[in-house]
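Here UniProt numbering is used: position 154 in the sequence shown is 154, and no number is missing along the way.
To be clear, the hints were calculated from the coordinates, so they are not data collected in a lab. Computed from a predicted model, the values in this text were never measured in an experiment. A virtual CB, placed ideally from N, CA and C, is assigned to each residue, including glycine. There could be a bad hint or two in this list.
Said to hold, decoys possible - Taking lysine-lysine pairs in the DSSO-like style, the calculated list, with each CA pair at most 30 Å apart, reads: (1) 149 with 174; (2) 53 with 8; (3) 69 with 188; (4) 188 with 149; (5) 69 with 20; (6) 174 with 8; (7) 69 with 12; (8) 53 with 132; (9) 188 with 174; (10) 11 with 69; (11) 132 with 149; (12) 174 with 20; (13) 182 with 151; (14) 53 with 69; (15) 69 with 181; (16) 8 with 132; (17) 181 with 20; (18) 132 with 188; (19) 149 with 11; (20) 151 with 69; (21) 151 with 20; (22) 12 with 132; (23) 53 with 12; (24) 8 with 20; (25) 151 with 12; (26) 149 with 69; (27) 174 with 151; (28) 11 with 53; (29) 151 with 181.
Unchecked claim - What follows is a set of in silico ranges between Cβ atoms, one per label pair, in the way DEER data are often shown: (30) 149 with 185: 36 to 42 Å; (31) 82 with 41: 45 to 51 Å; (32) 24 with 74: 26 to 32 Å; (33) 79 with 51: 47 to 53 Å; (34) 181 with 66: 21 to 27 Å.
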Amino acid sequence: MARVGTEKQRKKELIEATIKSIENHGFQGTTILTISRQANLSAGIISHYFGSKQGLILATIRHLLEELKQGLLQQIASCEQPLTPELRLHMIVDTNFACFQQSTSVTRTWLCFWAQALHDPELARLQAVNSKRLLQNLLYSYRQIIPNKEKAFLAANMTAAMIDGLWLRSSLSKTSQDEFKKAEQVCKQFISAQCQLEKTI
């Protein structure tokens, strides 16, 4: 049992070291050596657990995707008020603009991931999974508010584009913390406007 716990901990340490290495060295500059030094572990452990640098990079991106998924599930589970569709939509925004997703190391990793996904089929597949998951989460709630399927899909698409676009703009800003707060507010205002519009029709 202790061995299983140790393996899980080592993998976590290597994933965190990968994120930090990408922050410091960029995607191309990140190597097995920079990761192992950051984690203070031997380079051989990376090959043992992940097979290669590529395997560790993929595991790191999956980790970030899982953080998004679990972040939303935790918000829903801890909600102490009636979970309306609009509130759930706001929670999706909260999750995407959470402090973890705003940290310098994570934002740089996401940016490098998006850029590299243009050239790497496996990373492109993970990006497609990420985009599909966000859209489906939004659509699930919008369909409870907007009966018309096409209108609900349009609202979900527009919200997804705002979340991605405003997150990207905020991450590139010199005053990113303030920009992230503004971006989150704009997304929530847009969602509330869509919900209110449907109520008046």
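The hints, checked one at a time:
no., hint, in the structure
1, 149 with 174, "39 Å, violated"
2, 53 with 8, "18 Å, holds"
3, 69 with 188, "19 Å, holds"
4, 188 with 149, "21 Å, holds"
5, 69 with 20, "22 Å, holds"
6, 174 with 8, "36 Å, violated"
7, 69 with 12, "17 Å, holds"
8, 53 with 132, "26 Å, holds"
9, 188 with 174, "23 Å, holds"
10, 11 with 69, "19 Å, holds"
11, 132 with 149, "17 Å, holds"
12, 174 with 20, "20 Å, holds"
13, 182 with 151, "26 Å, holds"
14, 53 with 69, "24 Å, holds"
15, 69 with 181, "21 Å, holds"
16, 8 with 132, "28 Å, holds"
17, 181 with 20, "24 Å, holds"
18, 132 with 188, "20 Å, holds"
19, 149 with 11, "43 Å, violated"
20, 151 with 69, "25 Å, holds"
21, 151 with 20, "41 Å, violated"
22, 12 with 132, "26 Å, holds"
23, 53 with 12, "15 Å, holds"
24, 8 with 20, "19 Å, holds"
25, 151 with 12, "42 Å, violated"
26, 149 with 69, "25 Å, holds"
27, 174 with 151, "36 Å, violated"
28, 11 with 53, "13 Å, holds"
29, 151 with 181, "28 Å, holds"
30, 149 with 185: 36 to 42 Å, "29 Å, violated"
31, 82 with 41: 45 to 51 Å, "47 Å, holds"
32, 24 with 74: 26 to 32 Å, "29 Å, holds"
33, 79 with 51: 47 to 53 Å, "40 Å, violated"
34, 181 with 66: 21 to 27 Å, "25 Å, holds"
The structure does not agree with the numbered hints 1, 6, 19, 21, 25, 27, 30 and 33 stated previously, though it agrees with the rest.
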